[in-house]
Structure formats: structure tokens, C-alpha cells
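*Asks:* Below are the chains, spelled out letter by letter.
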Amino acid sequence: MKDTEGYVTADGRQIGGTLMEMRNITLRFGGVVAIQDISFDIREGEVRAIIGPNGAGKSSMLNVISGFYTPSEGEVWYKGAKRPPMKPFEVARQGVARTFQNIALFEGMTVLDNVMTGRLTHMNAGIASQALWWGKARDEEMENREKVERVIDFLEIQNIRKTPVGRLPYGLKKRVELARALAAEPSLLLLDEPMAGMNVEEKEDMSRFILDVNDEFGTTICLIEHDMGVVMDLSDRVVVMDYGKKIGDGTPDEVRNNQDVIDAYLGVPH
Amino acid sequence: MAHLTMGAEGLRSVPALLARNASQFGASPAYREKEYGIWQSWTWAETAKEVEALALGLLNLGVNEGDFIAIIGRNRPYLYWSMVAAQSVGAIPVPLYQDSVAEEMEYVLDHCGARFAIVSDQEQVDKVIEVQDRLHQFEHMIYLDPRGLRKYDHTRLHQFSHVQDQGRAAHDEYIKELQARTAKLDYDSTCVMLYTSGTTGKPKGVVLSNRNIIETAKASSDFDHLRADDEVLAYLPMAWVGDFIFSIGQAYWTGFCVNCPESPETMMTDLREIAPSYYFAPPRVFETQLTQIMIRMEDSGAFKKKTFDYFMDHARKVGPAILDGHDVSAMDRLKYKLGEVMVYGPLKNALGFSNVRVGYTAGEAIGPEIFDFYRSLGINLKQLYGQTEASVFITQQPDGEVRSDTVGVPSPGVEIRISDTGEVFYRSPGVFVEYYKNAESTADTKDPEGWVATGDAGFIEEATGHLRIIDRAKDVGAMADGAMFAPKYVENKLKFYPNILEAVVFGAGRDRCCAFINIDLTAVGNWAERNNIAYASYQELAGHKQVLDTIQAHIEEVNASIAQDEMLSGCQVHRFLVLHKELDADDGELTRTRKVRRKIIGEKFEDLVNALYDGSTSVYTETEVTYEDGRKGKIKATLEIRDAKVVAATPQRMAAE
Chain D
47 MKDTEGYVTA
57 DGRQIGGTLM
67 EMRNITLRFG
77 GVVAIQDISF
87 DIREGEVRAI
97 IGPNGAGKSS
107 MLNVISGFYT
117 PSEGEVWYKG
127 AKRPPMKPFE
137 VARQGVARTF
147 QNIALFEGMT
157 VLDNVMTGRL
167 THMNAGIASQ
177 ALWWGKARDE
187 EMENREKVER
197 VIDFLEIQNI
207 RKTPVGRLPY
217 GLKKRVELAR
227 ALAAEPSLLL
237 LDEPMAGMNV
247 EEKEDMSRFI
257 LDVNDEFGTT
267 ICLIEHDMGV
277 VMDLSDRVVV
287 MDYGKKIGDG
297 TPDEVRNNQD
307 VIDAYLGVPH
Chain U
126 MAHLTMGAEG
136 LRSVPALLAR
146 NASQFGASPA
156 YREKEYGIWQ
166 SWTWAETAKE
176 VEALALGLLN
186 LGVNEGDFIA
196 IIGRNRPYLY
206 WSMVAAQSVG
216 AIPVPLYQDS
226 VAEEMEYVLD
236 HCGARFAIVS
246 DQEQVDKVIE
256 VQDRLHQFEH
266 MIYLDPRGLR
276 KYDHTRLHQF
286 SHVQDQGRAA
296 HDEYIKELQA
306 RTAKLDYDST
316 CVMLYTSGTT
326 GKPKGVVLSN
336 RNIIETAKAS
346 SDFDHLRADD
356 EVLAYLPMAW
366 VGDFIFSIGQ
376 AYWTGFCVNC
386 PESPETMMTD
396 LREIAPSYYF
406 APPRVFETQL
416 TQIMIRMEDS
426 GAFKKKTFDY
436 FMDHARKVGP
446 AILDGHDVSA
456 MDRLKYKLGE
466 VMVYGPLKNA
476 LGFSNVRVGY
486 TAGEAIGPEI
496 FDFYRSLGIN
506 LKQLYGQTEA
516 SVFITQQPDG
526 EVRSDTVGVP
536 SPGVEIRISD
546 TGEVFYRSPG
556 VFVEYYKNAE
566 STADTKDPEG
576 WVATGDAGFI
586 EEATGHLRII
596 DRAKDVGAMA
606 DGAMFAPKYV
616 ENKLKFYPNI
626 LEAVVFGAGR
636 DRCCAFINID
646 LTAVGNWAER
656 NNIAYASYQE
666 LAGHKQVLDT
676 IQAHIEEVNA
686 SIAQDEMLSG
696 CQVHRFLVLH
706 KELDADDGEL
716 TRTRKVRRKI
726 IGEKFEDLVN
736 ALYDGSTSVY
746 TETEVTYEDG
756 RKGKIKATLE
766 IRDAKVVAAT
776 PQRMAAE
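Protein chains in written order, with the working numbering: chain D, 47 to 316; chain U, 126 to 782.
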């Protein structure tokens with residue numbers, strides 16, 4: 047899987063070479079093996095889903111990608127180089143942004159300020175300059191604000207720009223989280239259950255936004271999701287996990303017809 | 126304004142006005158739009174350049190003289206430029222309601238035979254694509270927002286900015302042709318075609334000439350002393366004649382600036398930021414704002430609430446008199462000034478009305494309390510009466526002669542006469558040319574001398590010369606006993622209660638009147654919250670016993686007030702029910718401008734009407750509804766029917782003659 051040729055999706059998008067590769071990842075917490083010897087890759091421009099029943103190790107996998115967990119064994123390759131153990135903020139600087147399963151926004155801050163925090167990795171002005179809002183800090187903020195405004199426009203949240211996040215309904219908070227992740231202009235966007243707890247309409251909106259993000263900015267997206275309908279519609283390729291192991295990998299159709307996957311979801315005696 | 130009338134001879138089309146504005150007010154703002162959180166602006170000179178580039182691009186795409194170009198989207202500078210660019214190349218712009226469903230668009234696009242469409246975004250592109258195979262003349266579509274459209278087949282689809290770029294690139298090839306076509310436009314060439322929403326039947330295409338638009342814009346701008354430094358907020362549908370007159374006609378004639386909101390949801394914030402000096406809104410907008418203020422005042426602290434109530438009482442007493450320049454005692458004036466600092470000023474600022482010099486409401490009757498509330502704050506809110514066929518203006522209220530029950534005196538240049546049947550007729554330079562491809566309707570509406578039937582029944586007050594409208598002439602009928610039946614009159618009285626959003630009164634040819642009521646979810650919902658009444662849906666709240674009690678009380682008050690009117694005392698509402706769904710334009714029950722389609726509602730809910738008249742106390746019904754994406758569903762409900770007390774009045778047989 048080291049070719050850089052890529053492939054063409056069913057709807058005619060050209061997918062590029064490998065962006066991130068997980069090689070034989072194992073993650074242990076004491077005696078518990080959360081992830082066992084899993085390998086897969088994420089290619090540039092694709093929507094990659096990780097699915098599996100509860101406790102399959104999906105979120106742990108996402109946390110390995112985002113640098114929150116360091117794998118016990120195995121290697122993470124990113125943009126053609128092996129990634130040394132890193133702190134999450136260092137991973138973020140490399141262009142990996144994420145949203146959380148349980149919303150992690152600053153409730154007392156406005157939507158605008160929350161989204162601005164997504165630009166932190168792009169701010170280098172010194173503390174003195176920031177405090178005086180002069181020179182570099184000023185230019186930087188104007189530039190960042192413009193980028194943030196484009197994201198706000200894109201996700202259609204102009205009307206809540208100045209609203210404190212704590213006052214927003216759940217579905218909108220999820221959208222603000224996506225906005226914050228997008229503001230970082232990531233090469234790889236990780237979405238941890240973006241549709242969890244949403245009603246049908248909110249799910250439709252979110253699906254549209256995810257596809258539009260991928261389409262407009264060419265952002266590579268890796269998402270975890272329980273809603274099978276959503277996963278099968280959105281993603282180009284799917285990794286299926288069960289009890290910490292990879293039991294399937296392929297296009298939605300391939301995965302749907304995979305006997306192991308059917309067993310994992312419908313349940314057979316282990 | 127001497128400089129504005131100079132050279133009027135040459136100003137016989139909108140593109141000609143644009144050229145004048147570009148040279149006279151070149152550096153002042155013509156358009157603003159909030160985008161990316163900032164107000165972006167274009168001067169008249171820049172606007173002229175943008176329009177030229179687009180016009181050249183349209184020539185490049187092969188637009189012919191006389192072609193129709195459909196324009197679909199929310200108010201954006203680009204779409205206003207599209208209208209003027211279309212005119213510049215000799216084509217006719219046809220703005221459509223952006224919330225129309227695909228079938229409605231199909232009818233209009235097919236009727237005018239549009240070869241081109243300029244639309245705002247993916248949503249509109251999808252709708253047109255859905256119907257374009259059935260439209261034989263349709264060729265190219267231009268869109269503004271490329272989002273989500275990257276993967277579409279672009280053989281007949283073009284991005285707005287690319288069309289402009291191509292136009293700029295082909296400047297030398299096409300500029301002669303463009304100039305020639307623009308120069309050919311005269312007072313009788315078609316300026317725009319607007320489809321009437323039509324309370325009955327299919328929409329009709331109203332053809333308006335440059336003469337109609339420019340003469341009307343000129344007369345109405347003079348009437349209200351509009352200036353080049355005025356500001357308006359363009360937020361009403363572009364397909365509606367009012368927006369065309371305000372945002373194109375008057376804006377190009379006087380050279381004022383048109384501001385477009387960031388999105389429909391941010392309208393109120395944008396209004397506050399712009400603080401327009403010239404403002405127009407249908408009564409519904411004023412009602413909604415007032416309801417919101419009152420709800421928020423209910424939630425505020427005791428001191429604030431007391432201050433607000435105290436000064437608002439004072440404003441109601443003397444505010445309108447001060448605004449009209451009548452005599453008011455020095456003490457009252459002082460108190461009003463104090464109120465201005467304490468309440469009125471901040472309130473107007475929060476509403477975005479700090480700078481309003483001239484404000485209009487039209488389209489429907491406005492409740493006297495609502496009207497007086499705004500006027501008492503010192504906002505110069507006036508009423509006008511108009512129609513698409515008249516290029517809006519038929520009558521309007523001059524400063525100092527404003528009342529909530531009249532619609533004013535004939536606008537400059539307009540003649541009015543009342544026919545024997547009580548219908549209002551008018552004649553003016555703004556009278557439309559024809560209904561497109563519908564000579565029969567044209568002849569029915571406009572007689573050879575140019576008199577146009579409004580379809581409204583009304584009379585002119587002898588003392589003041591003001592026109593008063595009673596009802597749609599068609600709707601004014603007789604009850605079984607011959608008494609006069611004016612449903613709109615009753616409905617308006619009902620709708621003045623904040624809890625009632627919509628009312629439909631039946632009674633023509635019957636022995637008594639009955640009504641359907643729609644509750645206002647904002648007002649009633651707030652009341653429910655305050656009284657700890659749980660509800661899950663509109664339907665549940667609408668069926669709540671206490672809600673029905675409240676509505677019944679409102680109806681009985683209205684009955685008492687109607688009983689005092691000799692002519693109409695027979696129109697008291699005997700029985701009513703609260704509908705299980707909100708009347709909706711998507712279901713065909715309202716027009717796109719939210720007027721009740723009485724006949725369609727009567728047919729659709731026939732079972733309910735029958736139940737109202739057969740004396741039953743409840744009725745089970747199933748109704749089909751259309752969702753925003755065009756899917757259909759069903760609502761089932763059992764509705765309670767109640768009797769309302771009527772005030773005894775002897776039947777006025779005499780008055781019906």
C-alpha cells in the first residue's frame with residue numbers, strides 16, 4: 047500500500063497518495079489490549095471511516111492518530127515520515143485537527159472566540175505585541191479573523207457569531223466544534239462521532255457540511271460514527287474494528303458484504 | 126435636488142441612471158453587503174464596472190435582445206447587478222421568489238420562456254436542474270456561490286465571477302454591441318417583469334416599462350424627499366414589486382445606498398448596524414418585533430419594566446402628536462424628552478430605527494396598537510397602498526396626516542375613482558403595460574383609457590380625501606339573510622391580537638360566520654412557558670384548553686366591536702376552531718407574500734367547515750402537508766369546535782343595499 051497513485055472514487059474524485067499510515071499498532075492499558083496489531087492507511091482527499099460496535103477501540107484509535115495516546119507497539123507514518131512520540135499539540139501543529147465525541151468548547155466564550163482558538167497554532171506574535179495589540183499581533187489577528195470568518199460563512203453560523211456557546215443547542219455546538227477544527231486549516235480532520243445525538247435534520251446538515259468540507263478544501267477526513275447509513279453514504283473507505291482487532295477494510299460495499307463484519311454487528315458466540 | 130432633474134431627457138432607462146450615478150456620485154456607496162463579518166461596499170463607479178463586466182459576459186454567452194433572464198436568490202448586490210446587466214443587453218429580468226418549490230418555478234420559467242437564469246446557490250441550481258428538461262428554451266444557468274457545485278456538469282452552468290472575467294476578457298469584441306444595445310433602451314422598453322403571487326389561480330407576469338418604474342420612482346422620491354445619502358436595507362423578496370421600486374427604482378433615481386444583510390437570520394442585527402433612514406416592512410415584521418420587545422420586557426427586572434411602562438404610557442399619549450407637529454404642553458414635551466433618553470432612544474437603537482426618517486408599511490392592514498406604538502416612539506411610520514400593476518404606489522400618507530385606518534391620499538400623478546360597485550380604480554404613469562401572454566386578463570383589469578381595477582372595495586373619506594379600504598371586492602359578499610359579509614375586515618380585527626397569527630372567516634351565503642384560527646407560536650409559546658404548560662408541538666399547543674379559552678375571549682371581544690358597526694354586525698363569529706397546522710405557502714394555503722387563499726383553504730378543509738356549521742363539538746381530520754424539501758406527510762388531529770358569544774344586534778337588512 048505504498049503506491050502514490052491513489053484511486054478514483056465512485057463519484058469521480060481523484061484520491062491522492064498515502065497521507066497517514068498506521069503500521070501494526072497495538073495499544074495496551076495494563077493488561078487490557080485496546081488495539082491489537084492494526085494497520086491501515088488514510089489517503090489524501092478521502093473520507094475514511096472507522097466503525098465498530100461499542101468498545102471496539104475506535105476512539106482509542108482516533109486518540110492514537112491525534113497523539114493523545116502513544117501506541118505500545120507499532121509505528122505511525124505521517125506525510126511520508128515516521129512520527130516520533132508526540133504531544134497532542136505538536137500533532138495539531140502538523141496539521142491534524144479534531145472534534146470530540148463529548149463537545150469540548152469554551153462554554154462562556156462566544157462562537158467567534160471559540161473558532162478563533164482554532165487558529166492558535168497559526169499565531170506566533172510575542173506576548174508583548176499581543177498585549178499591546180500592535181504590529182505583528184494586530185496583522186496576525188486580522189488575517190486569522192478573516193480565515194475564521196470564511197469558516198463561519200461556510201458553516202452558516204453567522205447569526206450566532208457573537209452568542210456565547212453555552213446558550214446554543216446541541217446540534218449547533220457540534221457545528222461550532224467543526225468550525226474550530228476547520229479554522230486550523232488541517233490536512234487531516236478527525237471527527238469523533240459527529241452525528242451522535244442528532245435528529246434526522248441535523249444529521250443531514252452535518253453530512254452535507256462534511257462532504258462540502260471535503261469537496262471545497264480537499265481536506266482529508268477520518269471519522270468515527272455509529273450511524274451506518276451516514277457512514278456508508280459519506281465515506282470512501284471503511285475500517286471495521288471489533289474487540290480491538292481489524293476485521294474489515296474496504297469500500298462501503300465490500301465492508302457491507304463482509305461476513306466478519308455482519309457477525310460483529312449481529313453478534314455470534316466468540 | 127436640482128442636479129437630479131437635469132438631463133432627465135437622457136435618463137430613460139435604469140442603465141442610463143446607473144451611468145449618471147457613476148459620473149455624479151461615483152465615489153459614494155451604492156451597495157453594501159455584510160460578508161465575512163464586515164460590511165463590504167461598492168461605490169457607484171465600481172457598480173457600473175461590475176455591471177458592465179457582467180453584461181459583456183452575458184453577450185459572450187449569447188443573450189439576445191428580448192430574452193428573459195430569471196433571477197433567483199436572496200437580496201445580494203450581485204443579483205441586483207444582474208438585473209441591470211440584463212437590461213443593459215436588452216434582455217428582461219424576471220426575479221422569482223427564492224422559496225418557490227420547483228413546480229412553481231417551472232410554471233414561471235416556462236411561461237416567460239427564460240433562456241437564462243442567474244441564481245444564488247446550490248439549492249436554487251438544484252431546483253432549476255430538476256425542471257430544466259421540461260423547459261425547451263432553457264439554455265444557461267449562472268450561479269453565485271460555488272459551494273457544493275464543483276462536481277456538477279458545467280457545460281451549461283457557469284460561475285458568476287467567471288462570466289464576469291470572460292466579459293472583461295472579451296471587452297473589445299463586445300463593448301460596441303453593448304453600448305449600442307444600451308443606447309437603444311427608451312421609455313417604452315420593458316424594465317422588468319414581475320410575477321404576481323396571485324391569491325387565486327396561476328401567477329401572472331406583469332410587464333413594467335422604464336416609464337412605469339422611473340416615473341414612479343421620481344414621483345415617490347420627491348414625495349418623501351429622498352436623498353442620495355439615504356440608507357435602505359434590502360431584505361424583502363427580490364421578486365416583489367416593492368423591493369424593485371425601493372432597491373432599484375428609487376435607489377437609482379436618487380442614488381442612495383442599498384444594504385444587503387449577511388443572511389436572513391442576521392437581518393435584525395444587520396438592521397441595527399445599518400440603521401436605515403428609509404425603511405419598509407410589511408405589518409408582520411412590525412408585529413413580530415413588537416411581540417419580541419414585549420416578551421423581553423416581561424422577562425426584565427421590576428425597575429426596568431416600571432420605567433418602560435411609565436414612559437410608554439406617556440409616549441402613547443403625546444408621541445404621535447409631537448411627531449405630527451401638533452400643540453403639546455411644555456411639561457409633556459419635557460417628559461417626552463426625558464423618555465427619549467431613558468426608553469425611546471435606546472429602544473429605537475435596539476430595533477435599528479434610530480435614523481428612520483421615512484418608514485412605510487403596506488401589504489396588509491396594520492393593527493392600530495402596533496402602528497401607534499411605533500409612531501409614539503417618534504418613528505415616522507406611514508401607510509401606503511399599492512399593487513404590482515401600479516408599480517407599487519396608488520395612495521400614501523403625507524407627513525402629518527397619518528392614521529392607522531386609512532391608506533392615505535393618491536400618490537403624485539395618480540388619479541383615483543370609486544366605481545358604482547364600490548371598487549377602487551386608478552390611473553397613473555406607473556400603470557403596467559400588460560400581463561405577459563395574457564391579453565384577456567389585461568383587458569379585464571385595464572380598460573382602454575388606462576383605468577385599472579384594484580379588486581379592492583373602498584371609499585374616499587369626504588373630510589380628508591383619504592382612501593379607506595374595506596376588503597377585497599371579490600371577498601365582500603352577502604350572507605344568507607342579505608347582510609354584508611367582509612371577511613378580511615373581521616380577520617384583521619382578530620389578527621391584531623398577538624396570540625392570533627392568521628384567521629380565516631367563512632360566511633358568504635351562510636346564515637352566520639365561523640372562523641379558523643392559527644395561533645402565533647412565539648406569543649402563545651411564551652405564555653405557555655410562563656405558565657408552566659408543557660407542549661411538544663404546534664398542534665398540541667393549539668389544542669390546549671386554556672389556549673382555546675384565550676382565543677374565545679379574543680373572538681368575543683371582536684364580536685362586541687363588530688356589533689357596533691351597523692353595516693357589518695352580521696359578521697360576528699359564532700363558532701370557531703383552532704387549526705392543527707400553521708397555514709403555509711408550501712401547501713398552497715397562503716401566497717408567497719403570505720396572503721390567505723380563502724377559496725383553497727375552504728376546499729382543502731371542507732370537512733372542518735362543514736363541522737363548523739353542522740353543530741358538532743369536535744371533528745377528526747387528516748391533512749396532507751408538504752415539507753420544505755418537497756416531501757409530503759400527513760397530520761391527523763381531532764379538533765374541538767367552540768361557540769363564541771355574539772352580541773345581539775338586529776339584522777341590518779337596510780345596510781346591505
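It is possible that part of the hints are untrue.
Okay, derived cross-link-like pairs now, PhoX-like style, lysine-lysine, Cα gap no bigger than 20 Å in a straight line [claimed, not checked]:
1) U:K327 / U:K309
2) U:K462 / U:K430
3) U:K327 / U:K729
4) U:K159 / D:K193
5) U:K599 / U:K571
6) U:K571 / D:K208
Chain D regions said to be covered by chain U (calculated; three or more residues, Cβ under 8 Å) [as the list claims (entries may be wrong)]:
7) 187-196
8) 200-213
9) 258-264
For the record, the hints were derived by calculation from the structure and aren't laboratory data.
Beta carbons: idealized from backbone N, C-alpha and C, even for Gly.
*Asks:* Now look at each hint and say whether the structure bears it out.
*Replies:* Outcome of the hint check:
no.: 1; hint: U:K327 / U:K309; in the structure: violated (33 Å)
no.: 2; hint: U:K462 / U:K430; in the structure: holds (19 Å)
no.: 3; hint: U:K327 / U:K729; in the structure: holds (18 Å)
no.: 4; hint: U:K159 / D:K193; in the structure: holds (16 Å)
no.: 5; hint: U:K599 / U:K571; in the structure: holds (17 Å)
no.: 6; hint: U:K571 / D:K208; in the structure: violated (52 Å)
no.: 7; hint: 187-196; in the structure: holds (count 4)
no.: 8; hint: 200-213; in the structure: holds (count 5)
no.: 9; hint: 258-264; in the structure: holds (count 3)
Of the numbered hints given earlier, the model fails hints 1 and 6; all others are met.
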